[in-house]
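Please construct the entire structure, taking both the sequences and the accompanying hints into account.
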Amino acid sequence: MTQLPLAKALNAGLKRAMEDDPKVLLMGEDIGRLGGVFRVTDGLLATFGEQRVLDTPLAESGIVGTAIGLAIRGYRPVCEIQFDGFIWPGFDQITSQLAKLTNRLEGRERFPIVIRVPFGGHIGSIEHHSESPETYFAHTPGLRVVTPSTPNDGYWMIQQAIRSDDPVIFFEPKSRYWPKGEVDLESPPVGLHVSRVVRTGTDATLIGYGPMVSVLLAAAEIAAGEGRSLEVVDLRSLSPIDWGPVVASVEKTGRAVVAHEAPGFLGMGAEIAAGISERAFYSLEAPVLRVAGFDAPYPPAKLEKLYLPDADRVLDAVDRTLAY
Amino acid sequence: MASTDPTVRIIGNDGVIAPTEAAEPYLERAMALDEERLLGFLTDMVHTRAVDVEAANLQRQGHLGLWAPSYGQEAAQIGSARAARAQDSIFPAYREHGVALVRGVEPVDIVRMMRGVTHGGWDPAAHGNFRPYTLVIGSHTLHATGYAMGIRFDAPVTGDPERDEAVLVYFGDGATAQGDTNEAFVFASSYQTPQVFFLQNNHWAISVPVSRQSRTPLFRRADGFGMPGVQVDGNDVLAVFAVTGALLDDARAGRGPALIEALTYRIGAHTTADDPTKYRTDDELAEWTARDPILRLRRHLEQRGVGAEEFDRIDAEAAELASTLRGQVLAVQDPPRSLLFEHVYREPHPLIAAEQAWLADYEASYGESS
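Going down the list, the protein sequences come from chains B and W. Okay, so the first sequence: first residue is 0 according to numbering that gives the first Met the number 0, each after it adds one. Okay, so the second sequence: first residue is 0 according to numbering that gives the first Met the number 0, each after it adds one.
Where hints are given, some of them may not hold.
Derived pair list, reagent style DMTMM-like, types lysine to aspartate or glutamate, alpha-carbon separation capped at 25 Å [as the list claims (entries may be wrong)]:
(1) B/Lys304 <-> B/Asp315
(2) B/Lys14 <-> B/Glu185
(3) B/Lys99 <-> B/Glu250
(4) B/Lys251 <-> B/Glu185
(5) B/Lys304 <-> B/Asp318
(6) B/Lys14 <-> W/Asp122
(7) B/Lys99 <-> W/Asp333
(8) B/Lys22 <-> B/Asp41
(9) B/Lys179 <-> B/Glu303
(10) B/Lys251 <-> B/Glu284
(11) B/Lys251 <-> B/Glu270
(12) B/Lys14 <-> B/Glu181
(13) B/Lys251 <-> B/Asp318
(14) B/Lys251 <-> B/Glu220
(15) B/Lys99 <-> W/Glu341
(16) B/Lys179 <-> B/Asp294
(17) B/Lys22 <-> W/Glu346
(18) B/Lys22 <-> W/Glu105
(19) B/Lys179 <-> B/Asp164
(20) B/Lys304 <-> B/Glu185
(21) B/Lys301 <-> B/Glu126
(22) B/Lys99 <-> W/Glu354
(23) B/Lys22 <-> B/Glu181
(24) B/Lys22 <-> B/Glu49
(25) B/Lys99 <-> W/Glu105
(26) B/Lys304 <-> B/Asp294
(27) B/Lys99 <-> B/Glu126
(28) B/Lys99 <-> W/Glu346
(29) B/Lys251 <-> B/Glu225
(30) B/Lys99 <-> W/Asp108
(31) B/Lys22 <-> W/Asp122
(32) B/Lys99 <-> W/Asp122
(33) B/Lys22 <-> B/Glu105
Please keep in mind that the hints were generated in silico from the structure rather than gathered at the bench.
Written out as structure tokens, the structure is:
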């Protein structure tokens with residue numbers, strides 16, 4: 000066990016994946032000499048050289064599109080998109096090409112590409128630097144979408160994503176880059192697409208992923224002081240969704256609140272709510288409630304606290320679900 | 000004041016060897032082509048046209064959903080395809096039927112996509128590294144460039160043109176306005192990829208003329224990206240062959256990417272879904288029909304003394320190919336229902352598995368009496 004922040008855990012995971020497989024290469028804007036704007040790739044250029052850590056031209060479609068060509072050639076590219084809001088120039092290559100090529104080639108070739116995307120708010124930044132675009136990708140057949148919430152998950156999930164023969168969109172909660180956590184360098188906790196109960200409870204189930212997990216845990220801690228026992232599920236994988244732990248928890252508690260930073264309308268919360276109602280209808284004591292970012296563009300930094308779901312807003316939803 | 004013709008042309012429309020000044024660096028390569036080789040080119044071109052015409056007929060008769068005719072672009076396609084070496088990889092757009100045939104794709108496999116039974120059609124590894132057609136304009140130029148980056152990262156250049164690999168990527172005048180194509184130029188130039196961008200300027204992007212895509216001759220755009228750009232008469236198969244071969248060999252030898260603009264014309268419609276009479280003139284069509292690339296090569300071969308019986312033999316073969324294609328297309332089976340789910344992911348995916356199982360149960364329930 001060692002203590003690392005998520006950014007350094009990801010760095011260690013990338014390094015280990017590159018040591019394990021010479022076909023793994025990194026590409027993105029400012030990831031080489033600078034080590035990435037969040038320093039996730041810090042030092043890797045010096046270790047692996049410029050044919051494996053590519054400071055690319057400033058063009059997201061170009062990054063994803065050439066990664067596809069490199070994958071055809073037998074490489075396993077890991078692309079960094081500098082910020083969530085900069086992924087859109089690459090969206091066509093991701094959704095029209097990367098997501099569909101395995102199917103187009105009828106399984107004859109593999110496209111083991113990981114696209115790393117720092118996402119979410121809480122960093123007081125300017126426009127386009129705090130978005131949560133995960134739904135667009137989870138909605139697209141052919142992609143896998145995951146997000147770690149802890150340094151340990153970051154270390155292991157990035158390696159698991161790189162080993163996947165399918166394209167993986169890997170969302171990194173940038174608000175969690177700096178807090179340290181325990182990392183087990185010996186063995187992975189669970190598989191890439193496994194959801195987990197991260198706090199047990201009996202009165203209601205809180206469901207979230209990425210940056211929201213720490214908020215849910217804080218909410219559960221506050222609730223415990225008020226005599227309420229809340230269970231917290233970290234989805235970890237947004238596509239596919241591992242329903243087992245989610246459904247088992249709701250069957251136990253009878254109540255569910257799902258939370259994310261992304262806007263609520265047609266967000267992951269809608270899918271979770273629908274999925275629970277289909278799978279655990281007779282266990283539910285209340286409708287599944289959603290706590291989400293507002294359906295407005297991400298606001299200027301001085302308003303982001305108002306925009307982002309916090310523990311209080313989660314607990315307000317808990318009050319409402321318990322009132323049924 | 001007459002400016003020098005920038006276009007590489009070796010044989011004129013009358014079939015006579017009359018190289019332009021721009022053709023000088025490529026003449027030796029073109030002149031090395033013997034009669035047998037040129038007859039091979041003619042065979043490829045006539046076969047391509049026969050397959051194309053038959054496929055268009057099949058569409059008109061309701062056997063294909065759509066067809067994108069290559070009629071008129073045979074010299075551009077065959078000249079460039081024959082210039083590529085066996086180890087090269089080729090990234091087509093979706094009209095490169097002649098290139099597909101040269102790389103060993105069966106005519107029926109080209110047509111299957113248009114019959115609605117597949118989004119792919121053939122295994123690139125078993126068909127001359129000829130990639131599947133890509134329908135989103137310009138997208139594949141980046142895939143070609145990434146692949147060429149991979150060639151560079153894999154191993155140093157050996158200097159042996161029979162071993163060193165290169166990439167040939169096809170696109171049209173419309174694609175030159177796309178961001179992806181321009182990003183591909185940037186990445187290729189930046190990483191000095193072993194790659195030739197082969198632009199078939201057929202003058203029309205569906206109904207929009209090339210003048211709307213560019214106010215400068217397209218080959219000159221290469222300058223801005225720091226790579227050589229060559230304009231070639233795309234209806235002169237000798238010129239196309241020589242220019243493409245030279246630039247591919249430069250690329251494979253480590254001298255970086257290049258852009259070729261082949262001036263040609265789409266005699267047919269963009270696809271069978273459009274009506275060219277709505278946007279272009281009969282005069283323009285007649286002007287280009289008179290520059291038919293197959294007739295030009297045939298005139299040249301006649302001047303070399305090739306007899307009518309050779310041409311008749313090639314035409315008969317082509318008719319046979321078309322007839323075989325018709326029979327094969329009519330016999331194409333619908334894909335298995337499992338194709339819907341089978342290749343969405345390579346690794347197990349619970350949602351796909353659940354939906355596949357649901358569909359099987361649902362269909363099985365048809366038979367149950369209510």
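Broken hints, numbered, in rising order? Result: hints 3, 4, 6, 16, 18, 19, 20, 23 and 27 break, sorted rising.
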